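Take each chain as given, in its own frame, and dock them per the hints.
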Amino acid sequence: MAKITAGVTTSHVPAIGAALDNGKSGEDYWKPVFAGYEWTKAWEKAQKPDVVILVFNDHASAFDMNIIPTFAIGCAEEFNPADEGWGPRPVPVVKGHPDLAWHIAQSCILDEFDMTMINQMDVDHGLTVPLSVMFGQPQEWPCKVIPLAVNVVTYPPPTGNRCWMLGEAIARAVESFPEDLNVQIWGTGGMSHQLQGPRAGLINKEFDTAFLDDLTRNPERLRHMQHIEYLRESGSEGIELVMWLIMRGALGPKVKELHRHYHVPASNTAVGHIVLVPEA
Amino acid sequence: MSTTPRINIHEYLAELEDIPGTRVFTTQRARKGYWLNQFCMSLMKAENRDEFRKDERAYLDKWPMTEAQKQAVLKRDFNAAMDEGGNIYFLAKIFSTDGKSFQYAAGSMTGMTQEEYAQMMLKGGRSPEGQRSKKEGR
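Top to bottom, those sequences are chains H and G. Per the working numbering, residue 1 is the first one in the first sequence, and the count goes up by one each step. Per the working numbering, residue 1 is the first one in the second sequence, and the count goes up by one each step.
Just chain G, with the same shape it has in the complex (with noise of 0.2 Å):
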């Protein structure tokens, strides 16, 4: 059976907030960017894909989002989405729809050019060395 000590749910929260360049999709995320994640789920029909094509704003307009999450739809701001309480999944709805692909969309949200995150990528990704833990700074 099990070993595991007992996990601090206090404890374990705090922690997924320590990690530099992060949002862990907490409950709290959850429940900020619910209609956000509910909007880009609406994106997987071709119909409403096309709707939004033709006029994004009128079609967001449709949806009880915050003023922030229908900006940073609107300007692809992932990591403003993000702050928002959206889902990367979720995101992805839209960069889909605008035939964009994920690493073109991560790559977005680092500051770097899209070449410049593919050749990062080529070399071997992102080295984990100072990204550990924003207090320990490891």
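Here chain H stands alone, though its shape is the one from the complex (with noise of 0.2 Å):
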């Protein structure tokens, strides 16, 4: 049977991505970013997961003004990194797992959850990011990923209790696959940031330790949270950590940090990282 055995978190800022594509990662700068990302690569390559099930948001890149979905499992064999403006980043192209992908569909839809299913998707920092930090600059990503796209940029995006109730769908799902899969769930986006208005660069780093903590301490009361709660207190683009409660979501009650790192800034961006496993 799959399990999901992990839940890792991590802000997917573009910069982080550039400066290693770049060549930039060993700047005084850069350096604090990525140091708190050893310990979780020397993890990952223990833990081998086999599929990454990654939540993350599009930014107009696969999808634009025409078709704004609000869950979107991408089902394809493959995802190619998206050109956002400058090119393509140098990264493999994202393998996908199309068998358990198109399951979760099947089993969200039939547990309520109306997802969107796509088959043809260029994924951008978002999700390219995220793997990079955690996997490095390989020829090829160690494992599958299935990107599970959340719209949060046109109002509004779906609740944080929706998120967490999508994360608990996706567990049941991933725990009725036949074949022995070691399966993890990140959850990508956040910390606080503003990138737009007169209130851009916006951090509020008493709010980000209290979310990182309230993930294993009070996860209630980021379920609960409103969208203006994230607005006023996180900066526009800290709606974002809405996608972290469909990786808690589906870790169950109980869970236990092995690792954080908090780090501001990264261009306009508090890094926020956490890496939880499910305690029964």
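Simulated from the structure, these hints should not be mistaken for laboratory data. Since the structure is predicted, the reported quantities are computational estimates derived from the model, not experimental observations. The reader is advised that the hints may include incorrect statements.
Once the Cα atoms are required to be at most 20 Å apart in a straight line, the calculated EDC-like pairs of lysine to aspartate or glutamate come out as [said to hold, decoys possible]:
(1) G:45 - G:61
(2) G:123 - H:206
(3) H:3 - H:111
(4) G:134 - H:229
(5) G:45 - H:122
(6) G:32 - H:64
(7) G:123 - H:28
(8) G:134 - H:257
(9) H:3 - H:229
(10) G:54 - G:98
(11) H:205 - G:129
(12) H:254 - H:206
(13) G:134 - G:15
(14) G:100 - H:21
(15) H:3 - H:279
(16) G:135 - G:18
(17) G:135 - H:122
(18) G:45 - H:64
(19) H:95 - H:64
(20) G:100 - G:50
(21) G:123 - H:27
(22) G:135 - H:83
(23) G:32 - G:77
(24) G:123 - H:233
(25) G:100 - G:129
(26) H:95 - H:180
(27) G:45 - H:83
(28) G:62 - H:64
(29) G:100 - H:229
Below you can see the structure in the form of structure tokens.
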């Protein structure tokens, strides 16, 4: 049987990808950003996940204003890195796991989550930067990836509670997949940041720290946090944190924190990263 | 199961307008900015970027955008572009075409110089104090 063995979250700042791609990760500005992922890189090497369900948001790359799915699951064999305006990132093509992806899609729909199924989708920095910080710069990514794109751009995004419940449904779907697979679920985006308007540059370390703490200590608070609180406290793009709750919902009521990293700034953003495992 | 109380959509939308210095991308803005944002998406193709660079005005005139939208693009006034319904992730295609970073573009919207903005970020970013609510002044 397939099983979700761990949950990982990370910010997906495009500049982190650019720093790595342009050989700048050793510079003083970037060193502390990457240092916080060293533990996880070693841990991932030992864990050898077969599949990562990677929750991210598309940043006007695969989806324009014509189609705006709330939850879209990538069911294709592979996904190409997107050209976001300066050419595609020089990273490997992302290989999917269509059997598991279709299984999750069907299972979630029967579980009353109306998923959008995607067969053709280029994946932008929201998906490839997390792979880069966790796996470095390999010739091929070491696992299959099921992209799960969440709309957090056009309002309203899904509520935190809805994200949490989708995570629970994904966990049920994975557990009913007959093949033995080591599956991780990653939530990406955040932490506090605002990229627009006169309020750009907002960072709220207290909010971010409490959010990281409450993933283990008081997830019910996070589950019921309203959009307006994310916006006021963590900046307009801090709303991406609802995606972390899909990861958290999939891990069950109790989790243990294995590793944490928090650093300000990476470009406009507070970088947050945490590794959690489910506890019985 | 959920214990979240039902959200009142009118209160929800009103609150989104209560955040200082922020234009939340509501469906109202999305409708207004549809062609502006679709123009931005076209810059994801290298040949379109080349054509835009060659004659920006001529390229913009191929799109059913308002004059205010076109002026905002030509002036790279991203606050004005957002007032006209632009979304920052779509507008990013413009400054990416210019070879500018997200930090440059975000900084340009604050009235600070690029250097001042970068310094603010290095010092831990902008505090949320006084930036949370217009009506409550907190």
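**Asked** Holds or violated: residue 100 (chain G) with residue 50 (chain G), Cα cutoff 20 Å?
**Response** holds (16 Å)
**Prompt:** Holds or violated: are the alpha carbons of residue 95 (chain H) and residue 180 (chain H) at most 20 Å from each other?
**Reply:** Between residue 95 (chain H) and residue 180 (chain H) the Cα gap is close to 18 Å, so the pair holds against 20 Å.
**Asked** Keeping to a limit of 20 Å between CA atoms, is the pair of residue 3 (chain H) and residue 279 (chain H) held or broken?
**Response** holds (13 Å)
**Message:** Against the 20 Å threshold, does the CA-CA distance of residue 54 (chain G) and residue 98 (chain G) hold or violate the hint?
**Reply:** Status holds; Cα separation ~12 Å.
**Item:** Distance restraint between residue 123 (chain G) and residue 27 (chain H), which requires alpha-carbon spacing of 20 Å or less
**Value:** holds (18 Å)
**Pairwise hint evaluation, residue 15 (chain G) against residue 134 (chain G), where the allowed Cα distance is 20 Å at most** = holds (10 Å)
**Prompt:** Between residue 135 (chain G) and residue 18 (chain G), is the straight-line Cα distance small enough, at 20 Å or below?
**Reply:** holds (7 Å)
**Request:** With a cut-off of 20 Å on the C-alpha distance, tell me whether residue 135 (chain G) and residue 122 (chain H) pass.
**Result:** violated (42 Å)
**Prompt:** Given the hint that residue 100 (chain G) pairs with residue 21 (chain H), does the C-alpha gap stay at or below 20 Å?
**Reply:** It holds: about 16 Å lies between the C-alpha atoms, which stays within 20 Å.
**Prompt:** Is residue 123 (chain G) within 20 Å of residue 28 (chain H), Cα to Cα?
**Reply:** Holds. Residue 123 (chain G) to residue 28 (chain H) sits at ~15 Å (cutoff 20 Å).
**Asked** Quick one, are residue 100 (chain G) and residue 229 (chain H) close enough, alpha carbons at most 20 Å?
**Response** Roughly 31 Å between the alpha carbons, so the hint for residue 100 (chain G) and residue 229 (chain H) is violated.
**Prompt:** Does residue 206 (chain H) lie within 20 Å of residue 123 (chain G) when you go C-alpha to C-alpha?
**Reply:** Distance of about 15 Å is within 20 Å: holds.
Hints 8, 9, 12, 17, 19, 22, 25 and 29, counting from the list given before, are not met by this structure.
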